[in-house]
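Assemble the whole structure, with the sequences as input and the hints as a guide.
Protein sequence lines correspond, in order, to chains P and F. Quick note on numbering: our numbering labels position 28 of the first sequence as 28, and the sequence is numbered without any gaps. Quick note on numbering: our numbering labels position 79 of the second sequence as 79, and the sequence is numbered without any gaps.
All clues given are correct.
No more than 20 Å apart at the CA atoms, straight line, and that leaves these computed lysine to aspartate or glutamate pairs for EDC-like: (1) Lys31(P) x Asp124(F); (2) Lys33(P) x Asp124(F); (3) Lys206(P) x Glu37(P); (4) Lys77(F) x Glu251(P); (5) Lys77(F) x Glu24(F); (6) Lys77(F) x Asp215(P); (7) Lys31(P) x Asp131(F); (8) Lys77(F) x Glu245(P); (9) Lys46(F) x Glu214(P); (10) Lys74(F) x Glu214(P); (11) Lys118(F) x Glu95(F); (12) Lys271(P) x Asp282(P); (13) Lys90(P) x Glu322(P); (14) Lys7(F) x Glu21(F); (15) Lys31(P) x Asp41(P); (16) Lys301(P) x Glu322(P); (17) Lys74(F) x Asp215(P); (18) Lys46(F) x Asp215(P); (19) Lys344(P) x Asp12(P); (20) Lys301(P) x Glu21(F); (21) Lys298(P) x Glu24(F); (22) Lys213(P) x Asp51(F).
Restraint-style ranges between C-beta atoms, simulated for each label pair: (23) Ser75(F) x Asp145(P): 36 to 46 Å; (24) Asn91(F) x Gly207(P): 41 to 51 Å; (25) Asp145(P) x Glu24(F): 34 to 44 Å; (26) Trp134(F) x Gly207(P): 39 to 49 Å; (27) Asn121(F) x Val130(P): 40 to 50 Å; (28) Trp61(F) x Thr61(P): 15 to 25 Å; (29) Gln14(F) x Glu278(P): 43 to 53 Å.
Think of the hints as simulated: they come from the structure by calculation, not from any bench. These numbers come from a predicted model, not from an experiment. Glycine included, C-beta positions come from ideal geometry on N, C-alpha and C.
Chain residues, written in single-letter form:
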Amino acid sequence: MELENATEGQDDLIINVGPQHPSTHGVLHIKLKVNGETITDVEPHLGYIHRSIEKMCESHTYRQFIYTTSRMDYLSAHINNQACALAVEKGLQVEVPARAKAIRILMAELTRLASHQLWWGCTGLDLGAVTPFFHAFREREMINDIMEKTCGARLTMNYAVPGGVMADLHPDFVKDVKAFLAEFKGKFHEYDELLTGNIIFEERVKGIGYISKEDAISFGCTGPVARASGVSCDIRKLHPYDGYENLQFEEIIRTEGDCYGRYLARMDEMKQSMYIIEQLIDNIPEGDYQAKTKALIKLPKGEFYQRVETARGEFGVYIVSEGATTPYRIKFRSPGFSNLSALKHMVVGGKIADLVAVMAMLDLVIPDIDR
Amino acid sequence: MNNEELKSAILAIQPAATFDESGEFLNVHISSELLLPLMLELRNNKDFYFDYLFCETCIDWKDHLMMVYHLTSKSLKHTLVVKGKISNRDNAEIESVAGIWKTAEFMEREVYELFGVKFLNHPDLRKLILDDYWTGYPLRKDYSDPVNLIEY
Chain P
1 MELENATEGQ DDLIINVGPQ HPSTHGVLHI KLKVNGETIT DVEPHLGYIH RSIEKMCESH
61 TYRQFIYTTS RMDYLSAHIN NQACALAVEK GLQVEVPARA KAIRILMAEL TRLASHQLWW
121 GCTGLDLGAV TPFFHAFRER EMINDIMEKT CGARLTMNYA VPGGVMADLH PDFVKDVKAF
181 LAEFKGKFHE YDELLTGNII FEERVKGIGY ISKEDAISFG CTGPVARASG VSCDIRKLHP
241 YDGYENLQFE EIIRTEGDCY GRYLARMDEM KQSMYIIEQL IDNIPEGDYQ AKTKALIKLP
301 KGEFYQRVET ARGEFGVYIV SEGATTPYRI KFRSPGFSNL SALKHMVVGG KIADLVAVMA
361 MLDLVIPDID R
Chain F
1 MNNEELKSAI LAIQPAATFD ESGEFLNVHI SSELLLPLML ELRNNKDFYF DYLFCETCID
61 WKDHLMMVYH LTSKSLKHTL VVKGKISNRD NAEIESVAGI WKTAEFMERE VYELFGVKFL
121 NHPDLRKLIL DDYWTGYPLR KDYSDPVNLI EY
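Encoded structure:
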């Protein structure tokens, strides 16, 4: 706040981190005020890749607008698509075939794994360890190949559509996923050996960026960030969608509230995602992969809100319909935006190097924040 | 509390509130001047305890603006949508809720630049996403941008 006209603390130095800085994972500009090594104020400047997706959606039909959401949180592209499809289905009151639901969950969990793997690799990179990056991308490549075979794209899948999914699974899908699971499970101990039990890494992240449970709720933090502070906020458990209610998995809740807690929460989430995939991969129901919907969808007049759990937290789609073929207003509640608003609370009073650790553990994806 | 209990409890605090149950959640409509006392009560009263503001946004209804607050209680598990009507479009003003829910600080800054709603008593009301020299409010329905072919 008020960095320009600071009258007190004449010894404070202002440092600009970004917009082009490796630790911001994109174009995020952070204005730091430091006194020696200690951070006294932080001010994020957003909007370098703001595309006003909400305005664009107002002129897109209910089939078209889903594709823009892949470009927001590109690491949870499928889950964003799923949220939009679910919101439209809520308005249409269409029953999605069981096969489509299972496929969507499988894809969502694979997406979550890929996102957490990338986060894990980049966290290592941010904190000065280069090797994790190569390990994480080795396994992530297998997921991308699975996605490419079935969806035709590696990152922006655009696979979920209102009524189900766009196409049926590739014949190799089950075989590939099983091969990936076997590979990843065999390699997971390497992840733990490289970072989790590493004393240098632990010293770097333990006790850093603390946020209490009450503050996490007040700042609207969601996902692993909030769950590391003891907030129960997994939408898959609280408001199940697409059949998560029939699956066995645990919501990972920790009490540390610091960066190390967030790290451990994501590591355990990866295991839960693998567990969900294992339950489904041999039990994908037969049948249609898409329910019949009209080519040009008209939603009835009203409001539809759908929330899902992306890799970063609670993603919400709020559609206001006036009964036309395009939405009257769309709001995307993105998890990164709210998580970032807690950044100042987490780092003020800490050291400059802590900022990098905190940002790595927030798992910021800038297009998700800017929209 | 279920929707009926929420209704009667809110009416006891604010008789001017009106309700709409057509959607998924219970909607409370209120004029912008009466918003802040109701919000304070919703947050601090132990029977409501809406501690989590998960979505705050604005809708341009052409003749007026409407602030929409999605609230939920983590402990009591009920959800409520509060809608504050801002009748004066040209000089849109509403009390900030950033003092009640910290997440509102960023969300209101976003609404401020994209809809032109001025939040009274906001701790740091400046543009967040757009350039400082940007004129106009892009998410309003009467916004036109010849460069990007957005027509009013």
